[in-house]
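Chemist: Sequence:
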Amino acid sequence: MRFLVIFTIILLSMQACSQRSNDNFVDKIANDFSRNSYFIVLSVKLSEGITICLVENDELFYYFNKTKGYDESKYKKEVGAIIRENKILSITEADFSNFGFNKIVKTSKFDEEVKKGKDFIVGKYFKNRVIVDGVSDNERNTLIKLLFDWGITSRIDDETGYLIIDK
0 MRFLVIFTII LLSMQACSQR SNDNFVDKIA NDFSRNSYFI VLSVKLSEGI
50 TICLVENDEL FYYFNKTKGY DESKYKKEVG AIIRENKILS ITEADFSNFG
100 FNKIVKTSKF DEEVKKGKDF IVGKYFKNRV IVDGVSDNER NTLIKLLFDW
150 GITSRIDDET GYLIIDK
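Residue 55 in numbering that gives the first Met the number 0 sits at position 56 of the sequence shown, and the numbers go up by one each step.
In short, the hints are calculated from the structure, not lab data.
Built from N, CA and C at the ideal position, the CB exists for glycine as well.
Check before you lean on any hint, since a few could be wrong.
Heads up, simulated DSS-like pairs for lysine-lysine below, C-alpha to C-alpha not over 27 Å straight-line [stated by the list, open to error]:
id	residue 1	residue 2
1	K44	K105
2	K108	K126
3	K27	K44
4	K27	K75
5	K44	K108
6	K126	K114
7	K102	K144
8	K117	K86
9	K105	K123
10	K86	K144
11	K27	K73
12	K73	K117
13	K144	K108
14	K123	K86
15	K102	K73
16	K27	K86
17	K126	K44
18	K65	K114
19	K102	K115
20	K86	K126
21	K75	K144
22	K86	K67
23	K144	K123
24	K102	K65
25	K117	K27
26	K75	K65
27	K75	K102
28	K126	K115
29	K144	K117
30	K108	K65
31	K144	K126
32	K44	K144
33	K102	K126
34	K27	K123
Here are the computed distance ranges between Cβ atoms for each label pair [stated by the list, open to error]:
id	residue 1	residue 2	range
35	N97	I49	16 to 24 Å
36	I87	S107	31 to 39 Å
37	S96	D118	35 to 43 Å
38	D132	K73	38 to 46 Å
39	D136	S33	18 to 26 Å
Produce the complete structure using the sequences and hints provided.
Modeler: Right, here's the structure in full:
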């Protein structure tokens, strides 16, 4: 009986860690078609293999609209499934370049810091929800992935051009 209780707690804890199954998080991202929409992190299959990348929701919608003819409703269903089920999206190199996809290049800078948790990372790299100066593009992209995994939405502010978070 003790084993069953412990196993259940561990299983529920693992589910709570993955925001990809959080409907509110996914719906918030998928419903934002503004010019500077929320970032989505997904696995993409290119000719060289599978890579993790990020793309703004409006750019991903534009990709699905132009290449597959999806309207907003069909797109929301598809992107929701991609995020929730961690599906791999197969695209061409040309589409990767043309539709705003960005590879996430792993940086070792965060390996130790991430162990301190999301509050530490957010406190160190964001001031009043805005990213601090001095963060490289690769580091910013890694931060976006971490935030996405934690269920924190992020986007580029249309007035300042800085990465901002909703918390």
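Chemist: Are the hints correct? Go through all of them and say.
Modeler: For each hint, the structure was consulted:
Proposed proximity of K44 and K105 is supported: the alpha carbons are some 17 Å apart, at most 27 Å. For the proposed pair K108 and K126, the alpha carbon gap of about 19 Å is at most 27 Å, so the pair holds. The suggested pairing of K27 with K44 holds, with an alpha-carbon distance near 25 Å, which does not exceed 27 Å. Annotation: proposed proximity of K27 to K75 holds, straight-line Cα distance about 10 Å (limit 27 Å).
Taking the CA atoms of K44 and K108, the gap is near 26 Å; set against the 27 Å cutoff, the hint holds. For the hint pairing K126 with K114, the CA-to-CA distance comes to about 20 Å; that is within 27 Å, so the pair holds. As the CA atoms of K102 and K144 are separated by approximately 11 Å, the hinted pair is consistent with the 27 Å bound. Note on K117 and K86: the hinted pairing holds, with a Cα-Cα distance of about 25 Å set against a maximum of 27 Å.
For the hint pairing K105 with K123, the CA-to-CA distance comes to about 19 Å; that is within 27 Å, so the pair holds. For the proposed pair K86 and K144, the alpha carbon gap of about 16 Å is at most 27 Å, so the pair holds. With a C-alpha separation of about 16 Å, the suggested pairing of K27 with K73 holds against the 27 Å cut-off. Distance restraint check for K73 and K117: the Cα-Cα separation of roughly 33 Å exceeds the 27 Å cut-off, and the hinted pair is therefore not satisfied.
A threshold of 27 Å between alpha carbons decides the hint, and for K144 with K108 the separation of about 14 Å falls inside it, so the pair holds. A hinted pair counts as satisfied when its Cα atoms are at most 27 Å apart, and K123 with K86 does not qualify at roughly 32 Å. A distance of roughly 26 Å separates the Cα atoms of K102 and K73; the hinted pair therefore holds under the 27 Å criterion. Our distance criterion of 27 Å between C-alpha atoms is met by K27 and K86, whose separation comes to about 19 Å.
With a CA separation close to 35 Å, the supplied pair K126 and K44 exceeds the 27 Å bound. For a cut-off of 27 Å, the pair hint linking K65 to K114 is broken: about 41 Å separates their Cα positions. Using a Cα cut-off of 27 Å, the hinted pair K102 and K115 holds, with the two alpha carbons roughly 25 Å apart. For the given pair, K86 sits about 33 Å from K126 by alpha-carbon distance, which is inconsistent with the 27 Å threshold.
Taking the CA atoms of K75 and K144, the gap is near 20 Å; set against the 27 Å cutoff, the hint holds. Using a Cα cut-off of 27 Å, the hinted pair K86 and K67 holds, with the two alpha carbons roughly 17 Å apart. For the hint linking K144 to K123, the alpha-carbon distance of about 16 Å falls within 27 Å, and the restraint holds. Our distance criterion of 27 Å between C-alpha atoms is met by K102 and K65, whose separation comes to about 21 Å.
Restraint check for K117 and K27: the C-alpha separation of about 20 Å stays at or below 27 Å, so the hint holds. Between K75 and K65 the CA atoms are separated by roughly 15 Å; this keeps the pair inside 27 Å, and the hint holds. Restraint check for K75 and K102: satisfied, since their Cα atoms lie roughly 23 Å apart, inside the 27 Å limit. Under the criterion of a C-alpha separation no larger than 27 Å, the hint pairing K126 with K115 is consistent with the structure, at around 18 Å.
For the given pair, K144 sits about 12 Å from K117 by alpha-carbon distance, which is consistent with the 27 Å threshold. For the hint pairing K108 with K65, the CA-to-CA distance comes to about 37 Å; that exceeds 27 Å, so the pair is violated. Proposed proximity of K144 and K126 is supported: the alpha carbons are some 18 Å apart, at most 27 Å. For the given pair, K44 sits about 17 Å from K144 by alpha-carbon distance, which is consistent with the 27 Å threshold.
Distance check on the hinted pair: K102 and K126 sit about 26 Å apart at the alpha-carbon level, within 27 Å; holds. About 25 Å separates the Cα atoms of K27 and K123, which keeps this hinted pair within 27 Å; it holds. For N97 paired with I49, a C-beta distance near 20 Å keeps the hint of 16 to 24 Å intact. The beta-carbon spacing between I87 and S107, approximately 25 Å, falls outside the hinted interval of 31 to 39 Å.
In this structure, S96 and D118 meet the distance hint of 35 to 43 Å, their C-beta atoms being roughly 36 Å apart. A beta carbon spacing of about 41 Å between D132 and K73 agrees with the range 38 to 46 Å that was offered as a hint. Hint check: D136 to S33, Cβ distance near 22 Å, so the stated range 18 to 26 Å holds.
The structure fails to meet hints 12, 14, 17, 18, 20, 30, 36 from the earlier list, while all remaining hints are met.
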